[in-house]
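Chemist: The primary structure of each chain is shown beneath.
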Amino acid sequence: DAGVTQSPTHLIKTRGQQVTLRCSPKSGHDTVSWYQQALGQGPQFIFQYYEEEERQRGNFPDRFSGHQFPNYSSELNVNALLLGDSALYLCASSLTWTGSAKNIQYFGAGTRLSVL
Amino acid sequence: GEDVEQSLFLSVREGDSSVINCTYTDSSSTYLYWYKQEPGAGLQLLTYIFSNMDMKQDQRLTVLLNKKDKHLSLRIADTQTGDSAIYFCAVPSGGSYIPTFGRGTSLIVHP
Numbered sequence: 001d002a003g004v005t006q007s008p009t010h011l012i013k014t015r016g017q018q019v020t021l022r023c024s025p026k027s028g029h030d031t032v033s034w035y036q037q038a039l040g041q042g043p044q045f046i047f048q049y050y051e052e053e054e055r056q057r058g059n060f061p062d063r064f065s066g067h068q069f070p071n072y073s074s075e076l077n078v079n080a081l082l083l084g085d086s087a088l089y090l091c092a093s094s095l096t097w098t099g100s101a102k103n104i105q106y107f108g109a110g111t112r113l114s115v116l
Numbered sequence: 117g118e119d120v121e122q123s124l125f126l127s128v129r130e131g132d133s134s135v136i137n138c139t140y141t142d143s144s145s146t147y148l149y150w151y152k153q154e155p156g157a158g159l160q161l162l163t164y165i166f167s168n169m170d171m172k173q174d175q176r177l178t179v180l181l182n183k184k185d186k187h188l189s190l191r192i193a194d195t196q197t198g199d200s201a202i203y204f205c206a207v208p209s210g211g212s213y214i215p216t217f218g219r220g221t222s223l224i225v226h227p
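These protein sequences, in sequence, are chains A and B. Residue 1 is where the first sequence starts when you use our numbering, and the numbers rise one by one after that. Residue 117 is where the second sequence starts when you use our numbering, and the numbers rise one by one after that.
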């Protein structure tokens, strides 16, 4: 049973560029959440997708956008990259977005983004 | 202050018990979590406890929840060098089921 998979593992971009990160959820999961983890910090919630719609959003600017596909996989897009966007981007999947045992989030290994 | 607070470092000797503490300001009526992160890796779900429970034991791991004091702890019995990692407490709050993470406690295990 494959867990949450993310690609690519590492990425280097320059300021002002755009980036797309990808996530495939754990088998049987339909909800995907994205987090940003800066060095020395805990993960910060960006947004959550369920049924191809953004259901909840954290305190991140509109430069951060996402998409969920019919097969439940998801993309995170960041436009106009800033140096401060350098971080580990984590994807988590869960069985459902409601509060229950099924909402337990399982994380992927992350994508390390460096903005120069 | 932070919504979820943890001490940043804990150093123990191999074979001893480790206790990692977490305090929070608010929690939703759902699960509270402990995750482990090894260098360069993602987050591994270690264990979780529902908000109406006081204790949960899972092999070497014991989670204690004191709702009155808003305090969550993780005890690791017989700590091994392979337990060296960063441990995150994660607590959903404000009626949301999205967990807010602490900054993590770096556990260092000495032989």
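Heads up, some of the hints might be wrong.
[As the list claims (entries may be wrong)] With a Cα cut of at most 35 angstroms, we get these calculated DSBU-like pairs of lysine-lysine: (1) A:Lys-13 with B:Lys-184; (2) B:Lys-186 with A:Lys-26; (3) B:Lys-184 with B:Lys-152; (4) B:Lys-183 with A:Lys-13; (5) A:Lys-26 with B:Lys-152; (6) A:Lys-13 with B:Lys-186; (7) B:Lys-172 with B:Lys-152.
For the record, the hints were derived by calculation from the structure and aren't laboratory data.
Chemist: It remains to establish, for every hint, whether it holds in the given structure.
Modeler: Now for the hints, and whether the structure bears them out:
A hinted pair counts as satisfied when its Cα atoms are at most 35 angstroms apart, and Lys-13 of chain A with Lys-184 of chain B does not qualify at roughly 47 angstroms. The straight-line distance between the Cα atoms of Lys-186 of chain B and Lys-26 of chain A is roughly 32 angstroms, inside the 35 angstroms bound, and the hint therefore holds. Restraint check for Lys-184 of chain B and Lys-152 of chain B: the C-alpha separation of about 26 angstroms stays at or below 35 angstroms, so the hint holds. A C-alpha spacing of about 45 angstroms is found between Lys-183 of chain B and Lys-13 of chain A, which places the hinted pair above 35 angstroms, so the restraint is violated.
The suggested pairing of Lys-26 of chain A with Lys-152 of chain B holds, with an alpha-carbon distance near 18 angstroms, which does not exceed 35 angstroms. Distance check on the hinted pair: Lys-13 of chain A and Lys-186 of chain B sit about 42 angstroms apart at the alpha-carbon level, beyond 35 angstroms; violated. The straight-line distance between the Cα atoms of Lys-172 of chain B and Lys-152 of chain B is roughly 17 angstroms, inside the 35 angstroms bound, and the hint therefore holds.
In the structure shown, a violation is registered for the earlier hints numbered 1, 4 and 6, in ascending order.
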